[in-house]
Structures are given as structure tokens and as C-alpha cells.
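The chain contents come next:
There are 2 protein chains.
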Amino acid sequence: MATAYFMQLLTQMSEARTDQEHMEIYMISKPSIPDRTNYILGKSVQSPLSEMIWTGKQLKQLGAGILAIPCITAHFFHDELQDEVGLPVMNAVEETAVCLWNRGIKHVGILATEGTIQSQIFQRVLEGYGISSEIPDKEMQQIITDMIYHDIKEGKTVDIERFGRVSAELNEKGAQVVILACTELSLIKKDFPIGTGYLDVMEVLAAKTVQKCGRLRAEYRKLITL
Amino acid sequence: MATAYFMQLLTQMSEARTDQEHMEIYMISKPSIPDRTNYILGKSVQSPLSEMIWTGKQLKQLGAGILAIPCITAHFFHDELQDEVGLPVMNAVEETAVCLWNRGIKHVGILATEGTIQSQIFQRVLEGYGISSEIPDKEMQQIITDMIYHDIKEGKTVDIERFGRVSAELNEKGAQVVILACTELSLIKKDFPIGTGYLDVMEVLAAKTVQKCGRLRAEYRKLITL
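Each protein sequence line maps, in turn, to chains A and B.
With the numbering used here applied, the first sequence covers 1194 to 1419.
With the numbering used here applied, the second sequence covers 1194 to 1419.
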């Protein structure tokens, strides 16, 4: 569903008045690609990388000039993928850091899969921009993991109060902004009134992709809901 | 935007509990393909067919076993496309007729682009199932054309009262059900409370595609909102 929402964001963020003004999109959705988190955490030996490379190469052959991946955990493989496919791959992690840095944010909270959190892909990049980060404690992380893998991926409803509790904990630790660093969590922001104080990494990825390939509508230039 | 919504429908209609249970989707969105209605009405000599065939062949090469086109007007080229690509192409027009026939509907109204209306692709297929049809008069058709080409494709809001007036006119002429026979009109049903008495052709296309490639969730077996 994150892929469908990413397509929607690309379309609605594009400044276009006719079909013909929209950018060209080649999309391969291979849900059979092995779970990224399980591999990163060492729970599975099935790496998703080779299928990601195959997919990237197919898209290149179709004519794609830039790749974008609406799965943040998969960014763990960003550099290898880019090298192997030989096309620029949008970097949602880097773009998020730039976006926060531009707004003068110094301290954030991260909501993501365990794969993203444990591999420290966000923490390391953010540090490079002088931004420190908070992650949920073990019990709170379990709530987020359940929401991603049970509620959202299975198409169930989400207990928005529990979600708010985890965010609030990060704010109490000093986070000025909570980043939604998993595209499944972006679906929560889309479908529920979660309030302000968030930065949705998929929105950042979509806006930057539109900027590179087309024209971004003015109203999407600021993405942090403060 | 219709393509993004079609992707969303495929996902939400699929009976799946993990990413890995979803079907594989290859998608090419080429908004540069010449406008179908302009060609069908003779307002343009640029046929979209050759680019549609190219696109279909690319999808076949990627591994697609079935093609589905979330543009109803493009169904004008259905048979030629199927022959040239050499893959089965889902037929949203035929599937809609079957769906209406199964429910015992005898008389429908058609809301669509002028290309779809004038080429009689729906009227002819429906007749084969013993279903007669009503189309909007000239002035009412202009309202629908404006909604499709100006409001929806440009991402503007829709005057839902005017939309209701056109539907009501078809009901007054005897239509038991009004079919939304343009995927841009499906977006109106998605975003506005248009009430009951409609059959959304894109929903039919999505449900039938899921049935062929995966498992359809039980709640999507009945699509006419009577």
C-alpha cells in the first residue's frame, strides 16, 4: 500500500494541468522480495539485495533515469544498489536530514522498523548534520513494530492513542520533531489525525523526486508539520 | 492519479496478511501517451496505440502474465492491443456488463469521456447482454467532460451538486444504475459522498484483476452500491 500512496504523492505534488504534463513512472512492485528487517537483524539469511538489483536494472532498461524506493528499511542497501545498478538512487535518509537541518532542528525522535533503528541508518546520517536523535525504548518499539507488521500491512485499523503515546515519549526525551521513518507509518499520517510535530520521510522522498523529475507544487515545499 | 488509485484498489482488495502474500505488479505510467478521446473523436491524428503496444510489450518482457489498463477510453484499442502484445488484456467493459447482468440490471446510464461515449464501446457490449443504456445530453456531457479534463486531471475540487444533477437526469430517463465509465470519475466516488446507485468500472477492473492474480477479499464481491 505504501507504493500506491507513493504514486499518489508523486501525482498530487506535481504541478501539472494535463496527463501529458506529468512525469513518466516505471514501477515494479515485488512484494516477494525478502523482508528487509529480518535480514538486517540476522533473523533470516535471505538478503533482499539481489532482487533489488534485478529490479533496479529492469527499471533502468525501461528508461528510468532515477530510482526511488518507497521502503525506508531498504535504504540500508542504498549505496550497493546504486553502484550495482549504475543509476542515481534517491536517498530518503539524506534528504530528511537536509530538510531538518534547513529548519534548524537539532533533536529528533525516530519511529521506524527495528531494521532501520538497529542499523542506525538515520542516526548516523543525522549526526553528520549535527542532529541528535531519540529512539523508543524496547516496549514502545514493540508497539510500533506491531503497528507496522500486524495492523498496517494486514490492512487493519490502528490504535491511534497508542501511537500518540510512543510519540509523546520521544517528545518528553527532547525530540522537537518525530520523524515517520517507515513508509507504513506514512499511511497512519495519511489516514488518521495524528496532529503536528511530525516529518513524514515518504513525503520528503516524494517531494524531492518530483523536484528532480518535474515541477513541485508550491504547497509542498514545507513538509514539517510544526 | 487514476493509476495510483488503481494500485491502491489492487492492494486493498487483496486478501493478504504480509507483503509477501501480495501479487507482483509491473506498472508503466506514460502520461505522454496521446489523449485517447481526441484521437477517437478525430480531433487529433496522433494515435495512442503504438505507444500502448510498446508499453504492453515491455510489461510482458518484465514477466507480466495479464495486462490491465486503468483508462476506460483506452479500451477502444483493447482487441488490437491484445493481438499485438500477445498477452490477455483485462476487459473492463465486458466485466462491467457481466457484473450488471449477474445482478439482473436491464437499463443503465453511462458517465464517461466523449471518446468512450461516441465510440459506443459500452453501449455495444451492454446490448449483447440485453442491457440498454442512456447517455447524458449535450449540455450534461459538457459538465462531465469539464469535470474529467479540468477539475480532476488538474487536481481541483469537484462541484458534487452538478455531478448529482447529471446522474439524476440519467435516472429520470430510466437508468437503474449509473456506471462510472471513466477512471477519473472513480476518483470522485473515492473522494466525495455521491450516494448509492453507481457501479464504478475501475472497481470492477481491480476486483476482476485480483480474482485472476490473487485472492479477492470477501467484502469486494458485490460492487454495485444499490
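Since the hints were made in silico from the structure, they are not lab data.
Each hint should be verified, as a subset may be incorrect.
Identical copies carry no separate label here, and so any pair may be met within one copy or between two of them.
[Claimed, not checked] Straight line, CA to CA, 27 Å or less: simulated DSSO-like cross-link-like pairs of lysine-lysine:
hint: 1; residue 1: Lys1250; residue 2: Lys1223
hint: 2; residue 1: Lys1383; residue 2: Lys1349
hint: 3; residue 1: Lys1349; residue 2: Lys1415
hint: 4; residue 1: Lys1331; residue 2: Lys1223
hint: 5; residue 1: Lys1236; residue 2: Lys1405
hint: 6; residue 1: Lys1366; residue 2: Lys1223
hint: 7; residue 1: Lys1349; residue 2: Lys1405
hint: 8; residue 1: Lys1382; residue 2: Lys1405
hint: 9; residue 1: Lys1250; residue 2: Lys1383
hint: 10; residue 1: Lys1382; residue 2: Lys1366
hint: 11; residue 1: Lys1299; residue 2: Lys1349
hint: 12; residue 1: Lys1349; residue 2: Lys1382
hint: 13; residue 1: Lys1236; residue 2: Lys1349
hint: 14; residue 1: Lys1405; residue 2: Lys1223
Status of each hint after checking the structure:
Both within a single protomer and between protomers do lysine 1250 and lysine 1223 lie at most 27 Å apart by alpha-carbon distance, with minima of 14 Å and 19 Å respectively. Taking the shortest alpha-carbon separations for lysine 1383 and lysine 1349, both the intra-copy value of 14 Å and the inter-copy value of 19 Å come in at or below 27 Å. For the identical chains of this complex, lysine 1349 and lysine 1415 are inter-copy neighbours only, at 21 Å across copies versus 30 Å inside a copy, given an alpha-carbon limit of 27 Å. Proximity of lysine 1331 and lysine 1223 under a CA criterion of 27 Å is satisfied in neither setting, with 31 Å inside one chain copy and 45 Å between copies.
For the identical chains of this complex, lysine 1236 and lysine 1405 are neighbours neither inside a copy (37 Å) nor across copies (34 Å), given an alpha-carbon limit of 27 Å. For the identical chains of this complex, lysine 1366 and lysine 1223 are neighbours neither inside a copy (38 Å) nor across copies (47 Å), given an alpha-carbon limit of 27 Å. In the homo-oligomer, the alpha carbons of lysine 1349 and lysine 1405 lie at most 27 Å apart only across protomers (24 Å), although the nearest pairing inside one protomer, at 35 Å, exceeds that limit. Proximity of lysine 1382 to lysine 1405 under the C-alpha cut-off of 27 Å is restricted to the intra-copy arrangement: shortest distance 24 Å within a copy versus 32 Å between copies.
Taking the shortest Cα distances, lysine 1250 and lysine 1383 never come within 27 Å of each other, neither inside one copy (31 Å) nor across copies (35 Å). In this assembly of identical chains, the alpha carbons of lysine 1382 and lysine 1366 lie at most 27 Å apart only when taken from the same copy (22 Å versus 44 Å across copies). In this homomeric assembly, lysine 1299 and lysine 1349 never come within 27 Å of each other (Cα to Cα): the closest approach is 35 Å inside a single copy and 37 Å across copies. Taking the shortest Cα distances, lysine 1349 and lysine 1382 sit within 27 Å of each other both inside one copy (15 Å) and across copies (22 Å).
Proximity of lysine 1236 and lysine 1349 under a CA criterion of 27 Å is satisfied intra-copy only: 25 Å inside one chain copy versus 47 Å between copies. Within a single copy, lysine 1405 and lysine 1223 get their C-alpha atoms as close as 25 Å, and across copies as close as 17 Å, so both meet the 27 Å cut-off.
When each numbered hint is compared with the structure, violations occur for hints 4, 5, 6, 9 and 11.
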